[in-house]
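Those sequence lines, one after another, are chains A and B. Every letter in the first sequence is one number past the one before it in the UniProt record's numbering, and letter 88, counting from 1, is 88. Every letter in the second sequence is one number past the one before it in the UniProt record's numbering, and letter 187, counting from 1, is 187.
These are calculated hints, taken from the structure and not from any lab test. Incorrect hints may appear among the rest.
[Claimed, not checked] Residues on chain B that point at chain A, a partial pick, calculated with CB under 7 Å: (1) PHE10; (2) GLN14; (3) THR61; (4) GLY251; (5) ASP253; (6) PHE257.
The structure displayed is predicted, hence computed values, not measured ones. No residue lacks a Cβ here, since even glycine has one placed at the ideal position from N, Cα and C.
2 protein chains.
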Amino acid sequence: MKTISENACFGGSQGVYTHASTTCNCDMTFGLFLPAEARDGPVPVLWYLSGLTCTHENAMTKAGAQGWAAEQGIALVFPDTSPRGDDVADDEAYDLGKGAGFYVNATEDPWKPHFRMWDYVAEELPALIGEQFAVDLDRQAITGHSMGGHGALTLAMSLPGRYRSVSAFAPIANPSASDWGKKQLGAYLGDDQAAWARHDATLLMAEKGFDGPVLIDQGASDQFLDLLKPEALAAAIAEKRQQATFRMQPGYDHSYFFVSTFMEDHVTFHAEALWSA
Amino acid sequence: MKTISENACFGGSQGVYTHASTTCNCDMTFGLFLPAEARDGPVPVLWYLSGLTCTHENAMTKAGAQGWAAEQGIALVFPDTSPRGDDVADDEAYDLGKGAGFYVNATEDPWKPHFRMWDYVAEELPALIGEQFAVDLDRQAITGHSMGGHGALTLAMSLPGRYRSVSAFAPIANPSASDWGKKQLGAYLGDDQAAWARHDATLLMAEKGFDGPVLIDQGASDQFLDLLKPEALAAAIAEKRQQATFRMQPGYDHSYFFVSTFMEDHVTFHAEALWSA
């Protein structure tokens with residue numbers, strides 16, 4: 001692992017690190033915020049999964065999360081959204097290939113050698129940060145924006161006991177029924193609808209639900225409402241009687257101005273779960 | 001004036017606007033955050049002047065100021081740092097020409113037709129926003145980062161009665177004695193040392209001071225300390241017996257991670273001055 005940068009930030013440190021990923025078969029870069037408390041011992045950790053076109057950097061610089069994490073004494077991890085490098089397959093479309101890993105393990109060519117973001121976020125990166133930094137892997141929570149909200153919700157429901165709480169900002173909520181999903185799940189996973197279902201938050205909510213609290217914020221003026229399909233997830237949550245808060249926020253769009261507006265609420269929500277006994 | 005974008009943000013609106021500037025003789029773009037209170041009438045306004053290489057956008061997306069401004073019910077203006085366009089003179093160096101206006105009115109060729117950022121920030125842009133938006137020009141304050149801290153301090157001391165308070169993050173504090181200053185003031189203003197002195201915060205502090213409170217934050221691990229020369233300004237403040245708080249912050253560098261860390265303090269500091277009777 002190599003340190004790219006470390007900047008003092010809200011009494012703690014915002015670092016950027018790169019490492020040779022055996023899961024993705026390429027070098028991967030991630031951001032990690034550690035609050036001051038991490039100097040004295042392991043702290044709880046909140047994962048932030050980013051959306052389409054993002055790298056590790058977008059949320060790190062634009063979401064305004066570090067101040068709230070510092071206040072709560074928790075770490076933040078900002079993974080990249082896809083494998084990177086010259087020998088990694090790509091597509092001309094912004095929403096397939098690099099920057100659009102969709103948090104799945106691809107089974108189809110040309111994607112399968114590198115596009116294994118599920119295992120990367122679920123296995124390799126937590127093991128690495130647990131080994132290298134003062135983070136307490138027994139206290140993890142997860143959030144994300146758009147494609148990252150999809151990743152957060154699907155990981156949380158599929159790995160019971162891993163995350164104490166899950167939240168999402170404008171998640172891609174029902175990808176197997178959306179043009180933000182059908183194309184990508186088809187490309188990465190082929191035609192197997194059962195494989196798609198394992199990566200659809202609405203279907204997972206109907207089938208499994210989540211053993212802990214859920215918080216979802218969705219802008220009512222989001223320009224991508226037709227692709228996100230929040231109504232499908234809201235209905236599934238209600239039918240499942242899932243412990244959850246779903247907030248439709250009037251006037252807000254899909255931007256980081258929306259994300260940063262509600263970041264305090266999300267970090268506070270996760271901190272409550274992370275710091276409970 | 002043309003609206004480029006408006007995003008809901010912390011209960012208010014983060015807008016980006018462009019207009020034909022008669023001062024700079026080109027189209028100029030700026031950001032404006034209006035808190036929810038602006039829907040009911042004019043609100044106080046805090047100017048944020050950015051540093052080298054920045055546009056209106058950097059602070060708007062990375063400084064984390066809107067949340068605190070919303071809490072205090074004040075507007076934020078994010079001007080660009082230079083004139084823009086194909087017919088605007090430029091230089092290969094990142095610290096001269098576009099993105100490096102230094103908040104002066106150039107008197108030398110090739111800069112003088114467009115590089116008039118002093119008049120733009122002091123005259124044209126306040127008049128425009130006063131006319132077009134619910135901002136109260138009787139309640140203005142100003143801050144900035146690096147080159148923008150230089151701009152904020154020099155404008156505040158040169159226009160008594162205009163701003164109720166001034167603050168700066170890692171300002172270029174003594175440009176007439178620094179390589180971040182000598183080159184630019186020479187290029188824009190020629191060899192007239194008296195003209196340079198009118199744009200040097202340390203010299204203005206010694207000569208005039210500021211009729212109101214001053215807050216300055218400087219990172220002790222700033223990679224540009226030799227160019228910023230905070231010790232010159234700190235000494236001038238002390239000699240002048242200026243009402244001021246100067247904070248040397250251990251571990252912090254020159255980045256927006258530093259700026260965002262202390263943004264709450266700066267917005268709160270200005271709000272106190274702006275909301276006093």
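Quick rundown of the hints versus the structure:
1. Interface restraint check for PHE10(B): the shortest CB-CB distance to chain A comes to about 5 Å, inside 7 Å, so the restraint holds.
2. Annotation: interface hint on GLN14(B) holds; nearest CB of chain A at approximately 5 Å, less than 7 Å.
3. With its C-beta approaching chain A no nearer than about 5 Å, THR61(B) sits inside the 7 Å limit, and its interface hint holds.
4. A hinted interface residue such as GLY251(B) counts as satisfied when its beta carbon comes closer than 7 Å to some beta carbon of chain A; here the least separation is about 4 Å, so the hint holds.
5. Hint status for ASP253(B) relative to chain A: holds, with the closest Cβ pair at about 6 Å, below 7 Å.
6. At a threshold of 7 Å, the smallest CB-CB gap from PHE257(B) to chain A is about 4 Å, leaving the interface hint in force.
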